[in-house]
Amino acid sequence: QKEVEQNSGPLSVPEGAIASLNCTYSDRGSQSFFWYRQYSGKSPELIMSIYSNGDKEDGRFTAQLNKASQYVSLLIRDSQPSDSATYLCAVAGGTSYGKLTFGQGTILTVHP
Amino acid sequence: DGGITQSPKYLFRKEGQNVTLSCEQNLNHDAMYWYRQDPGQGLRLIYYSQIVNDFQKGDIAEGYSVSREKKESFPLTVTSAQKNPTAFYLCASSPRPGQGANEQYFGPGTRLTVT
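Just so you know, the protein sequences line up as chains V and B, in that order. Going by this note's numbering, the first sequence wraps up at 112, each residue one higher than the last. Going by this note's numbering, the second sequence wraps up at 1115, each residue one higher than the last.
These are computed hints drawn from the structure, not numbers from a lab. Computed from a prediction, not measured in an experiment: that's the story for all the values here. Fair warning: there could be bad hints in the mix.
What follows is a set of in silico ranges between Cβ atoms, one per label pair, in the way DEER data are often shown [said to hold, decoys possible]:
(1) B:Q1041 <-> V:K67: 20 to 28 Å
(2) V:S69 <-> B:K1014: 44 to 52 Å
(3) B:R1111 <-> V:R77: 28 to 36 Å
Just a few of them, taken from the derived set where beta-carbon distance is under 8 Å, the chain B residues facing chain V [said to hold, decoys possible]:
(4) Q1041
(5) L1090
(6) F1106
Beta carbons: idealized from backbone N, C-alpha and C, even for Gly.
For reference, chain B alone in the conformation it holds in the complex (with noise of 0.2 Å):
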C-alpha cells in the first residue's frame, strides 16, 4: 500500500530529553512536510523539504532540527530547546513541490507529551 508513516503514534518524554518523530512514505513524492497542531488550531510549518539533501524553515523552527537524506524519509527532532514540546506533529508528502498545484497528503500523526 502506498501511503506516509509516522511512528509511533504516542510518543512520551521528559523534559529536557530529545525525541525523534519518524516519517516515511513510498509515494515518490519529492516534498516532505512537517507541521504542529495545537488543541482548537490550525496547522503550523516547522520545517519543509523540496529535494533531498535540502530543507528550510518554516514558521516555527526554534527548538526543531530536521534531516533528508532519503526520498523517503523526513524525520524530525525535537530538541530539549522547544519551549513547549507537547503537541501533534503531523508529517505531509506533496508530488509537485511549490508549482502553484502542491495538494499535500498527511500522515497518520504523533501525539508528543512531555512532562
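Excised from the complex, chain V in its bound form (with noise of 0.2 Å):
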C-alpha cells in the first residue's frame, strides 16, 4: 500500500465547474497536510496547506481534513484552463518527522 495515494488521473472538467481532487495517507500520526500545483515542465508550487479537521478556504480553493478517515481533498470551485495541471498532495508528520511525503499526482484538465 502507498503511503499516499491520490485518485487516478486524468481528471477532465468543464471550465467553470468543480474540481475535487483526493487523496488518502496511511500514517495516523500524519500531522500537516499540503496541496501543490505543477504545470508541465516547472517546479511544484505550494497552494494549499491543512492541519485541523475541516475545511480551509483560499479564493476559489478548499482543503478538507478528515483525520479519522485519513483523507484530505482540494476542491477547486469555478475551475478556469489555467488551472490545467498537476496537483500533488504531500504529508508530514509521524513516521516521516522533518521530510514530506508525496503522492503520484493527479493531471487536471479544464476544458472551455
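Quick one: dock chain against chain with the hints and give me the complex.
Here it is in C-alpha cells:
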C-alpha cells in the first residue's frame, strides 16, 4: 500500500465546474497536509496547507481534512483552463518527521 | 528577491561522469531537500538536511552525495554509480523543519540528461 495515494487521473472538467481532487494517507500520526500545483515542465508550487480537521478556504480553493478517515481533498471552484496542471498531495509528520511524502499526482484538465 | 535558485536549468553529461547540481536559497530557511522526479511520477526524496553540517539519506540516496557547509547552499552530486540519472531534479527548502508544519518551497529545477 502506498503511503500517500491520490485518485487516479487524468481528471477532466468543463470550465466553471468544481474539480475535486482526493488523497488518502496511511500514517495515522501525520500532522500536516499540503497541496502543490505543478504546471508541465515547471516545479511544484504550494497552493494550500491544512493542519486540523475541517475545511480551509483560500479564494477558489478549499482543502478538506478528515484525520479519522485519513483523507484530504482539494476542491477548485469555478475551474479555469489555467488550473490545468498536475496536483500533488503531500503529508508530513508521524514517521515522516522532518520530511514530506508525496502522492503520485493527479492530472487535471479544464476544457473551455 | 528572496527565493531558491538552481543551476543550470538543463545539464547534459556523458555516462560515467560525476555531475554537481547547485541549489542556493536566500530565505534563511533551516532545512533543504533534494528530490528526483521521473516522467509521470511523483517526487522521490534523495537527501535532506535540517541544519548546517548535517544531512540524512532519503528514500533513493544510492548513487548520490550531498554537502551542507553553509545554510544557504545544498549541492547535489550525481555520481557515476547512479544507474538511471536522467531525471528532473528539484531542490526545496523549509523554514520550520520537523515541527509538524514543514511546508516546503521549490526551486525551478534542473533537467539532467545522461547519455
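Consistency of the hints with the structure:
1. B:Q1041 <-> V:K67: 20 to 28 Å: 27 Å, holds
2. V:S69 <-> B:K1014: 44 to 52 Å: Between S69 (chain V) and K1014 (chain B), where Cβ atoms are some 50 Å apart, the hint holds.
3. B:R1111 <-> V:R77: 28 to 36 Å: 34 Å, holds
4. Q1041: 6 Å, holds
5. L1090: Hint on L1090 (chain B): holds, closest Cβ of chain V at ~6 Å, below 8 Å.
6. F1106: Check passed: Cβ of F1106 (chain B) comes within 4 Å of chain V, closer than 8 Å.
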